[in-house]
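Peer 1: Sequence:
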Amino acid sequence: MKFLRQFIIILAVSFAGELLHILIPLPIPASVYGLVLMLLALCTGILKLSQVKETAGFLIEIMPVMFIPAAVGLLDSWSALQPIWLPVVLITILTTILVMAVTGQITQCMIRSDRQKKQRKGTKNT
15 MKFLRQFIII
25 LAVSFAGELL
35 HILIPLPIPA
45 SVYGLVLMLL
55 ALCTGILKLS
65 QVKETAGFLI
75 EIMPVMFIPA
85 AVGLLDSWSA
95 LQPIWLPVVL
105 ITILTTILVM
115 AVTGQITQCM
125 IRSDRQKKQR
135 KGTKNT
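Sequential numbering from 15 applies to the sequence shown in my numbering.
There's no promise every hint is true.
As the list claims (entries may be wrong) - The calculated lysine-lysine pairs, modelled on BS3-like cross-linking and capped at a C-alpha distance of 25 Å, are:
hint, residue 1, residue 2
1, Lys-16, Lys-62
2, Lys-67, Lys-135
3, Lys-131, Lys-62
4, Lys-62, Lys-132
As the list claims (entries may be wrong) - DEER-style ranges, computed between Cβ atoms:
hint, residue 1, residue 2, range
5, Trp-92, Gln-133, 51 to 59 Å
6, Leu-63, Val-103, 45 to 53 Å
7, Gly-136, Pro-41, 43 to 51 Å
8, Leu-37, Ala-85, 30 to 38 Å
9, Val-103, Lys-62, 36 to 44 Å
10, Ala-94, Glu-68, 39 to 47 Å
If you are wondering where the hints come from, they were derived from the structure by calculation, not from laboratory data.
In this text, a Cβ means the ideal position worked out from N, Cα and C, and glycines have one as well.
Based on the sequences and whatever the hints tell you, model everything.
Peer 2: Here you go:
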């Protein structure tokens, strides 16, 4: 029952993202609206992490399965992709490396900032 409740919460946030996508005339995918709403709900305390943690973990675990239909669609569209496959592969590799590098740098910066805050907090208490 806990998983069903958590899944309904995630679906409700996703649905709210879909509604925002319809109401706000910006070229932003509904899933991004949903992710921002979930982030805001978690940061403000409207939702507690424990209210969605197990189901979110499950959805992340099965995420690779969700890419199978897209891969089959690419195979089905091979005739259209064949003339441009090399640039697509190169762009995919380069952007993946770029995203990994930027994500790593931001993560390291956040970890350093958190450590500095903890050190400052520790020196104030002594």
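Peer 1: For this structure, which hints from the list above don't hold up?
Peer 2: Hints 2 and 6 not satisfied by this model.
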